[in-house]
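One-letter residues, chain by chain:
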Amino acid sequence: MMLNMVQALNQALEQEMERDPRVVVLGEDVGVDGGVFRVTEGLYGKFGGERVIDTPLAESGIIGAAIGMTALGLRPVAEIQFMGFIYPAFNQILSHAARLRNRTRGRFPAPLTIRAPYGAGLKALEHHSESTEALFCQIPGLTVVVPSSPAEAKGLLLAAIRADDPVLFLEPSRLYRAEKEDVPEILTELPLRKARIIRDGHDLTVVAWGAMIPAALKAAESAAGSGVSAEILDLRTLSPFDEEAVLASVGRTGRALIVHEAPRQCGLGAELAAVIAEKSLLKLEAPILRVSGPDITIPLPKAENLYYVGAERIARGIRRLMEF
Amino acid sequence: MMLNMVQALNQALEQEMERDPRVVVLGEDVGVDGGVFRVTEGLYGKFGGERVIDTPLAESGIIGAAIGMTALGLRPVAEIQFMGFIYPAFNQILSHAARLRNRTRGRFPAPLTIRAPYGAGLKALEHHSESTEALFCQIPGLTVVVPSSPAEAKGLLLAAIRADDPVLFLEPSRLYRAEKEDVPEILTELPLRKARIIRDGHDLTVVAWGAMIPAALKAAESAAGSGVSAEILDLRTLSPFDEEAVLASVGRTGRALIVHEAPRQCGLGAELAAVIAEKSLLKLEAPILRVSGPDITIPLPKAENLYYVGAERIARGIRRLMEF
Amino acid sequence: MVLTRTADQKALKLQRQGRLGTYAPSQGHEACQVGAAFGLRAEDWIFPYFRDLGLYLTIGFPLASYFHYWMGNEAGLISPPGLNLYPLSITVAAQIPQATGAGMAANYLKKSLAVLATCGDGATSEGDFHEGLNFAGVFRTPNVFVCYDNQWAISTPRSRQTASATIAQKALAYGIPGIQVDGNDVLAVLAAVGEGLERARKRKGPSFVEAMTYRMGHHTTSDDATRYRDEAEVKTWESRDPLTRFRVYLKGKGVWDEAFERVVTEKASADVEAAVAEAEAKPAGAPEEIFAWTFKELPPRLAGQLAELKEFLREAGR
Amino acid sequence: MVLTRTADQKALKLQRQGRLGTYAPSQGHEACQVGAAFGLRAEDWIFPYFRDLGLYLTIGFPLASYFHYWMGNEAGLISPPGLNLYPLSITVAAQIPQATGAGMAANYLKKSLAVLATCGDGATSEGDFHEGLNFAGVFRTPNVFVCYDNQWAISTPRSRQTASATIAQKALAYGIPGIQVDGNDVLAVLAAVGEGLERARKRKGPSFVEAMTYRMGHHTTSDDATRYRDEAEVKTWESRDPLTRFRVYLKGKGVWDEAFERVVTEKASADVEAAVAEAEAKPAGAPEEIFAWTFKELPPRLAGQLAELKEFLREAGR
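Chains as they are written, first to last, in the working numbering: chain Y, 4 to 327; chain Z, 4 to 327; chain E, 13 to 330; chain G, 13 to 330.
The hints are simulated quantities; they were obtained by calculation from the structure and are not laboratory data.
Keep in mind that this is a model prediction, so the values were computed, not measured.
For each residue, glycine too, the CB sits at the ideal point set by N, CA and C.
Possibly wrong hints are sitting among the right ones.
[Unchecked claim] Distance ranges between label pairs, derived from CB positions:
no.	chain 1	residue 1	chain 2	residue 2	range
1	Z	GLU315	G	PRO92	32 to 42 angstroms
2	Z	HIS205	G	PRO92	16 to 26 angstroms
3	E	GLU285	Y	GLU21	53 to 63 angstroms
4	Z	ARG180	E	GLU210	47 to 57 angstroms
5	E	LYS216	G	VAL260	39 to 49 angstroms
6	Y	GLU315	G	ALA319	35 to 45 angstroms
7	Z	ALA181	G	GLU292	48 to 58 angstroms
[As the list claims (entries may be wrong)] PhoX-like cross-link-like pairs, simulated, lysine-lysine; straight-line CA separation at most 25 angstroms:
no.	chain 1	residue 1	chain 2	residue 2
8	Z	LYS197	E	LYS308
9	Z	LYS282	Y	LYS286
10	G	LYS322	Y	LYS282
11	Z	LYS126	G	LYS263
12	G	LYS122	G	LYS216
13	Y	LYS282	Z	LYS286
14	G	LYS25	G	LYS322
15	E	LYS247	E	LYS263
16	G	LYS263	G	LYS279
17	G	LYS247	G	LYS263
18	Y	LYS126	Y	LYS197
19	Y	LYS197	G	LYS294
20	E	LYS214	Y	LYS126
21	E	LYS22	E	LYS279
22	Z	LYS282	E	LYS322
23	Y	LYS49	G	LYS123
24	Z	LYS126	G	LYS294
25	Z	LYS126	G	LYS322
26	E	LYS263	E	LYS123
27	Z	LYS221	G	LYS322
28	E	LYS122	Z	LYS49
29	Z	LYS221	Z	LYS197
[Said to hold, decoys possible] Just some of the chain Y residues that point at chain G, by a computed CB distance under 10 angstroms:
no.	residue
30	ILE56
31	ARG106
32	PHE111
33	PRO187
The whole structure should be built from the sequences, with the hints applied where relevant.
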């Protein structure tokens, strides 16, 4: 069935709730309203208010409550309305959810999923365009996942909910309704921790995720016009990430371009570059480049385009890398 | 006068409060008790409870209040008792303190200083040995400073308080009473954003900060016995960091070893490696190596030594880099 | 209040025309916003939230700037010199401990002034609300906290926001006097907040006002309130329109007539149109503008990124 | 309570001897810890904080594990099978919303059980306390929240922690019944908490108990309480020792005599010594142990770091 990402996520939630009575959904406006982006639409009507829970406006309370639910064997899926509003819950995520397995030597893992839309491109209010995934990639015990298409979104969300570790599942809001894709009605989960090559190439490797994937594909097509063959690796799981796939691709192509819309400094691109620089230095034919947002707060809509990373900037990065 | 780091910090606070009536101190137990590490000892008696403020137990409240104080022209120095307890204040730091200058186009900057002890080595309770400085280095607008000796601590704290931007000032608790140093009674501030070479060398560059500096010096001495000449760069300001100094030193030596006690993934070492890999690739004679804590939560005291980065591990990193 | 209503409706119209971004409408809140602001003095401080148009206008904040912000430019948050207005908080309740801190500063500086903070009922569930009010109680700060209890936080009704019988009674948890007033009665709000401001200026400590009102519109222009609330409820509150009520009151006092209404309405329309024109004439952000305010001085790495951006724009022919 | 006192004093002695790490002593809290725990049933859940020795012992948590944790090994946090005890929270108040979530889960699962959470008076200032209690009120969870109001949060006296007249009245802000009891009277605590547990099991909603007590010792072994509090105050509370009071009560009931005391004391000492021996015999963490529990399956990158560590240890001859 042709679905956009919102519909695919909705289907994943509905099917998984039907399959597994341990799955509950909670968050601000996820119930009666169906979520501000409608990802949870229809669930309240189908599963009721004790299972699709409209909470008060309190992010730390939401994540803390989700943690407590795992104690009794539930698998909560908590929604944080926008990534820019997740920080009040930072302590519950970092000091608790991510550490419980380790603190209790496996007695009380915390298999919860935190969903949040993230990223720029919607010309939204302050705090509504955040892309701070790297902050969460330094948290031991936390799995961070970002889908790049409707089918990916469904399969990875199923995997996130079924994972026995806490997962931060970041949804690129720019892709919510961008395109439809054929999403199998019956779909098992896609593997976590595995990157996928979505375009083969031999001149350079573009490592990206989320909304940067369609942009990178576009840039690669335009580069192909100039005879440049770009391989594109969709990282999918940002932490723990698939180092082997990254090194294998860069080893083949000899050039690495890392793309993210987050600020450059201490973005996940830094870690990827560092790993390549440590383990594949002799295979490199050019410096490792990053195309990213600058190290500033993302501007309000009037100047958002000056910040935002799209196909043009990626294409420019490809050119610069090939010209080296 | 020979002072340890606690005494040097205490002297900086006292002198700056005498000099500038806008400086106030707030936090848990900073007043009557003089701080759990005694950094604020004596200030309550000297300046009174409206200026050296014992707050209720609420980290977001502390930072939020400090921000509000800057509105009326004060320069608050807020203490978070341990870095592991700073996360509830993450939203106030990231979304507010660091952004106010930008949000108001300079009308309301937030010149506050947040002090927090950090790092391992004290064999402390859970959450008392955190080293998550990199989480704060991706926040645009926030300056992150770490001193590595008593005199540095005094000079950099003075600079942090006088800075017109918000500063996170992280104090390596392991160095609080480790050594005394001659600290000038009259000392103006040391420059922010400037690294310093604390040991000249020509075979490789060790970039480090905080408690890793004495360890790196020890490792460099032992390497010198094997004829290896290690240059040591104390980064001091972690964000925005002194890229020029890093590239200049690595350009001279051709080898880079980055040392931090934080987990490796997405640590600041990743950004340093990425910058070197982007801008100085052709000058490198060996891969960029990182010596760091592993990507796990720091263990409780019985196994803390398995995590902790000290001179031995740094020496091993130097050997591996030179053997390449 | 008429100006507020007029400007608010204009903002909605501009949003539909694509001339203004996502917008949080104020309809229904005119009395509590204006009433909260009316008793303020020049030396007082204000920590507002994101639905506070009437407050902004009452204290003399330029409407053009207000539009400019919601059109998508940070420069619209700049308070004119002499206006002690902190930028509105979008992250819910973060302004509460900040306002308390301003009150602590006033105490330390021995200033006789009041610090006003506003929030919605949803904000009362956030940790920051609690921490800020608790500090205010402990430090006896010169704060007045006003909660516009408008019954809905997006789709969450007041009854599911908290099981507390009133919001006002939450103040008792902090040793702060709390009062509930009719938020659609501008004079009631003014009286209650005014009393709090006086207490504050006399350094008698903080106070809390719950102003009962109703969010007549959607949460923002991205929201569709018909999905989750009853039209009948909206109708009930329509009949309590704060403007109508004040009009009736003024008429009873003999100071309102249709000519007066016409003058006020026309003045409001003209002011709003002028403000829109002024806001739309302001330049969009340039590369330098978005880089300039991260730090006091541009660090070399940021300067490099700015140069990179400008080079990209040049190459792209923009 | 005797066992708690004996184990607590032993922990302090071990800490001074360097055999146990920084420790948060429980002296003075025996009645509220034991009283809070005594009415629990096997199906109930517990979310404790870091000063809860008496609670742990009352519900049958192995003392050897408790020592093991405070000696510096995570394995000491493992609850035995069948014991619904979540790991204690060191970060203040984080356990409160977690306990509420457990209550929400119980509601969803239609289980008749109670969820107990404990905290100190300092915790009541944290945002998480507020958010967790507010959720409990809204969702009518089967929670009992017990605050050991021990007058001091490190150096902050109760009077500077909040301007609220009582901690118990804070519950009213969440539509939750709150009660203040004498926390040094084990039967009073048991009665109040027991009533709450019954309410919870009958799905009548949450309740809150403030148990007035006193932290007789330092905050932890790293603290020096003589720097900030009056010896006279400590003396006053010494005379209210919960053990003495219960002894007097039992004597009055004719169920206490010196022979009984001797038996109890000797049993406690023997149990404590056995627990210490058991805890000290446990192995220190191995490299595999500190890596094994970050994720369910060790990711390749972590496996690489583990190999790196083992190589380092081998090279270093350890």
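Outcome of the hint check:
A C-beta distance of roughly 39 angstroms is found between GLU315(Z) and PRO92(G), which places it inside the suggested range of 32 to 42 angstroms. Distance hint check for HIS205(Z) and PRO92(G): the Cβ-Cβ separation is about 60 angstroms, which falls outside the suggested range of 16 to 26 angstroms. A beta carbon spacing of about 55 angstroms between GLU285(E) and GLU21(Y) agrees with the range 53 to 63 angstroms that was offered as a hint. Between ARG180(Z) and GLU210(E) the beta carbons are some 51 angstroms apart, a value that agrees with the proposed interval 47 to 57 angstroms.
A C-beta distance of roughly 46 angstroms is found between LYS216(E) and VAL260(G), which places it inside the suggested range of 39 to 49 angstroms. Taking 35 to 45 angstroms as the suggested C-beta distance range, the pair GLU315(Y) and ALA319(G) conforms, at roughly 43 angstroms. Separation of ALA181(Z) from GLU292(G) is about 29 angstroms and departs from the stated range, judged on CB atoms against 48 to 58 angstroms. Straight-line distance between C-alpha atoms of LYS197(Z) and LYS308(E) comes to about 16 angstroms, which keeps the hinted pair within the 25 angstroms bound.
Between the alpha carbons of LYS282(Z) and LYS286(Y) the distance comes to roughly 17 angstroms, so the proposed pair stays at or under 25 angstroms and holds. Between the alpha carbons of LYS322(G) and LYS282(Y) the distance comes to roughly 19 angstroms, so the proposed pair stays at or under 25 angstroms and holds. Between LYS126(Z) and LYS263(G) the CA atoms are separated by roughly 45 angstroms; this puts the pair beyond 25 angstroms, and the hint is violated. Proximity of LYS122(G) to LYS216(G) is assessed by CA-CA distance (about 13 angstroms); at most 25 angstroms being required, the pair is judged to hold.
For the given pair, LYS282(Y) sits about 17 angstroms from LYS286(Z) by alpha-carbon distance, which is consistent with the 25 angstroms threshold. For the suggested pair LYS25(G) and LYS322(G), the alpha carbons sit about 35 angstroms apart, so the restraint of at most 25 angstroms is broken. Simply put, LYS247(E) and LYS263(E) have alpha-carbon atoms about 24 angstroms apart, close enough for the 25 angstroms limit, and the pair holds. Between LYS263(G) and LYS279(G) the alpha-carbon distance is near 20 angstroms, which keeps this suggested pair within the 25 angstroms criterion.
For a cut-off of 25 angstroms, the pair hint linking LYS247(G) to LYS263(G) stands: about 24 angstroms separates their Cα positions. For the proposed pair LYS126(Y) and LYS197(Y), the alpha carbon gap of about 32 angstroms is over 25 angstroms, so the pair is violated. For the hint linking LYS197(Y) to LYS294(G), the alpha-carbon distance of about 38 angstroms lies beyond 25 angstroms, and the restraint is violated. The straight-line distance between the Cα atoms of LYS214(E) and LYS126(Y) is roughly 45 angstroms, outside the 25 angstroms bound, and the hint therefore fails.
For a cut-off of 25 angstroms, the pair hint linking LYS22(E) to LYS279(E) stands: about 14 angstroms separates their Cα positions. Restraint check: the Cα-Cα separation between LYS282(Z) and LYS322(E) comes to about 19 angstroms, which is no more than 25 angstroms; the hinted pair holds. With a CA separation close to 22 angstroms, the supplied pair LYS49(Y) and LYS123(G) stays within the 25 angstroms bound. Proposed proximity of LYS126(Z) and LYS294(G) is supported: the alpha carbons are some 18 angstroms apart, at most 25 angstroms.
Taken as a hint, the LYS126(Z) and LYS322(G) pair is honoured in the structure, with Cα atoms around 21 angstroms apart against an allowance of 25 angstroms. This hinted pair does not check out: LYS263(E) and LYS123(E) have alpha carbons roughly 40 angstroms apart, beyond 25 angstroms. About 22 angstroms separates the Cα atoms of LYS221(Z) and LYS322(G), which keeps this hinted pair within 25 angstroms; it holds. For the hint pairing LYS122(E) with LYS49(Z), the CA-to-CA distance comes to about 18 angstroms; that is within 25 angstroms, so the pair holds.
As the CA atoms of LYS221(Z) and LYS197(Z) are separated by approximately 23 angstroms, the hinted pair is consistent with the 25 angstroms bound. Taking 10 angstroms as the C-beta contact cut-off toward chain G, the hint placing ILE56(Y) at the interface holds, the least distance being around 7 angstroms. For ARG106(Y), the interface hint holds, the least distance from its beta-carbon to any beta-carbon of chain G being 5 angstroms, beneath 10 angstroms. Checking PHE111(Y) against chain G: minimum C-beta separation of about 6 angstroms stays under 10 angstroms; hint holds.
With its C-beta approaching chain G no nearer than about 26 angstroms, PRO187(Y) sits outside the 10 angstroms limit, and its interface hint is violated.
When held up to the earlier numbered hints, the structure conflicts with 2, 7, 11, 14, 18, 19, 20, 26 and 33 and fits the remainder.
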